[in-house]
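Chain A: place on chain V using the hints.
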Amino acid sequence: MQPIIEMRDVSFAYGHDAQNALSHITLSIPAGSVTGIIGPSGAGKSTLAAVLSGAIPHHFTGSLYGETIVDGTDTCDMTLTDISRIVGSVNQDIDAQMVASVVEDELLFGLENFGVAHDRIEATITSALDAVGIADLRDREIATLSGGQKQKVAIAAILALAPRVLVLDEPTAALDPVSSRMVFECLRDLNERAGITVVVIEQKVALLSEFCDRMVVMNKGSIALEGTPHEVFGHAAELRAIGVDSPRVARISNSLMSKGLCTAHEPCLNVEEAAQLVASIVPAGATCETCVSPAPHTPRPHAEGAQPVVRFRGVNFAYPGGGASVNNLEMTVYPGELVGIVGQNGAGKTTATKLLNGLLKPSSGSVEVAGLDTRDVPVSQIARHTATLFQNPDHQLCKNTVLEEVAFGLELAGVPSSEAQQRASRVIDRFGLPAHEAPFALSRGQRQMIALASVVVLEPEVVILDEPTSGLDYRECMTVMETVREMAEQGSAVIMVCHDMEVVSDFAERLVVMADGCILAAGPTMEVFNDASLMRRARVKPPQVVELAAQLARDVSGAFAGVTEVSGIVDTTAQLVHARNEEGSHA
Amino acid sequence: MLNVIDYVPGTTVLHRLNPVTKLALAASIIIATILADGYAALIALLLITLLLGVYAGTATRLLSLLKVLVPIAALMLVLQLAFVRHGDPVFLFATTDGLVSGTKACLRLLGVALPLVLVLTVTKTTDLANACVEKLHIPYKYAFTFTTALRFVPVFTQEMNAIMEAQTARGVEFDSKNPFRKLSLMLPVCIPLLVTSVGKTDATALAAEQRGFYLRTRTSSYRRYPFAPRDAVCGALCVALIIAGAIL
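As you go down the protein sequences, you meet chains V and A in turn.
Just add 483 to wherever you are in the first sequence, counting from 1, and you've got our numbering.
Just add 7 to wherever you are in the second sequence, counting from 1, and you've got our numbering.
Looking at chain V on its own, in the form it has when it is part of the complex (with noise of 0.2 Å):
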């Protein structure tokens, strides 16, 4: 295919930064392809997407080596508006991308400016919104919207314009599961019917897998790899090394795989090829008495006869506008525990966290909290029992060096000053974080385990945390969570909202499931997966461990029922095979 971008030995330094943020890539994109683009944080990701859609060199200053050609020019020899009628691009900020507050406008602000012809306006901006799907949106106001609809104007905006390529840094990074797949389907579906080449910038990587059918994998400002998704997946080692998650069906092929159990070569991507792949290695119906079934991970006990922690009794809240309200939640949390709450966008997730912290109060029913009616005392007094991990670290930070921030809540509970600054020192040391930097000056992930830091140094009884990993990439997400559970292992209750299916079922030992501002069920975490039905009512997809132990309990053998890691589908398949085989020899 003939590439429709091309970059030669390209190097970039922002500003008079010594160090490059890219260095010397070299990557063509075939026209009409879908290539994912992933790395850890700080890998140079956004900035390659800034110089195939032209903001570098036109936008972004700094010193670029190299060329990279679209379409046959040299984007040195182009204006960044000629740039943009070949490469149309979808910035991470949806917000801060819109030009106008309603639909329409938004998408005839780049018609009008382009010039297209006043009689083909109507027709073009028709096609574009239905395109996207988006045809009954075309009235309202952009503040009005949802964060996936949004992305979806964002994209019919730029759709609009006809470009012949797509580059979109994150679309998802803000969207639930459910959100992000919709966006993903669009794409595909305008790559196979209008032949755009896109580009897409992801942490999801199970998504990527899916969509995509080139993949390049970013590290430190070069690639590191690039091929299909089933050659980059198959680099097990190397992926875990540069810091970027495999999907989980991967990981099993791949175990599969050293173990010398198939000898496919190739890393399944999704359930069915999983599936597939087990059965054509254990034949149907076979069973094993001697199995021992893999233990789940044993729940910690939590103190015997401990008083609950926080208590939730038949709580009611509607906000004054409408909008996602609760009714009737009961929730009882103990110390020591990590209760995951899952439930679509607009279940009333966030509502029953800021109820938990005090920022809601209950219309009626009440929120105990270690002891205190969240409804008698003011949140600054609730604060001093639980801390707050939210979202965007950027809204929690407000101090000039990285050691007054940390200590600046414990300052605000009363601690002394200088006991403070001590305790919120060993912290930092524990974290690796410069102490004497702004923390606005560092990068995303850092900021984050900042807020993490300020959080952990104030061993509070309860924790919340607000979408803990969005915007992370596996290493950091990892470390994050590592974290949260040594607090819960120290004492500290951990309640968590959390899309991420996977580290959900990797840390939480107890699940809420919420839908329409009610809780559907609450219990054990497998169990809950386990339960197909209520799944499907809370419209959550389970992790794919869990549908693959579903499907292989159901078409091979029982001995797969309830299994929920990557470890215990191969050992399973492994027993399994040795039973089989060890039956053939006394045969």
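No lab work stands behind these hints: they were computed from the structure.
Possibly wrong hints are sitting among the right ones.
To be verified - Below, a list of computed lysine-lysine pairs in the DSS-like style, where the Cα atoms sit at most 27 Å apart: (1) 882(V) x 189(A); (2) 184(A) x 844(V); (3) 837(V) x 131(A); (4) 882(V) x 207(A); (5) 184(A) x 882(V); (6) 184(A) x 131(A); (7) 148(A) x 207(A); (8) 189(A) x 837(V); (9) 844(V) x 148(A).
Claimed, not checked - Partner residues are not named here, just some residues of chain V that face chain A (Cβ under 8 Å, in silico): (10) 572; (11) 580; (12) 626.
Cβ coordinates follow ideal geometry from the N, Cα and C atoms, glycine included.
Chain A only, in chain V's frame:
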């Protein structure tokens, strides 16, 4: 979230007027208010604005704005009373002249502030910007700056609320009853807001440029804003208003 200056959809004559005519109407009410000297005229002008608001269905917005403006007007009255000391004493330091000039200043303040808000509530900002570019030959750059500034108001309000919530959850006493304490707590919070807003503005500039901002000319707009007979009628009314204001 509802904003005082957000567009209220409708099909009244006021909605259908050319945006430039609406601006002219607001301007003439304001000019008349400044020129007028009698109580009757000032109150009448204020009533005109409010009645137009009732007609266009945006009266609630105007009233909620009044709630903010009345205390400011009251403060102005007190200041006027303190400064204007000639005339017959009424009580304490208040004099008749002071009362007259004070109350008129109050009425003028309200009369000047309300018409512009009325126009903004019955006009989409993009229409206003495009019409001004087409009819008044204002460079698009300025019109874009204006609409973007208005559009960012709710975005930043949301951002500010999120920041305040995060800080409250950390234990900063934003729920304190003392307004001065609250204000002193809010200042440090402006830093994160400033950082995010600079980033957002830059991203918006880039997004606009990538959609051909620099190619735009006066005639780019898809929608046209021709003057209709009703605009001429309204124009005549505007002139009448100004003359009436000057005489009364």
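Structure-based check of each hint:
{"no.": "1", "hint": "882(V) x 189(A)", "verdict": "17 Å, holds"}
{"no.": "2", "hint": "184(A) x 844(V)", "verdict": "17 Å, holds"}
{"no.": "3", "hint": "837(V) x 131(A)", "verdict": "35 Å, violated"}
{"no.": "4", "hint": "882(V) x 207(A)", "verdict": "21 Å, holds"}
{"no.": "5", "hint": "184(A) x 882(V)", "verdict": "24 Å, holds"}
{"no.": "6", "hint": "184(A) x 131(A)", "verdict": "38 Å, violated"}
{"no.": "7", "hint": "148(A) x 207(A)", "verdict": "18 Å, holds"}
{"no.": "8", "hint": "189(A) x 837(V)", "verdict": "21 Å, holds"}
{"no.": "9", "hint": "844(V) x 148(A)", "verdict": "46 Å, violated"}
{"no.": "10", "hint": "572", "verdict": "6 Å, holds"}
{"no.": "11", "hint": "580", "verdict": "5 Å, holds"}
{"no.": "12", "hint": "626", "verdict": "6 Å, holds"}
The structure fails hints 3, 6 and 9 (numbered hints given earlier, in ascending order).
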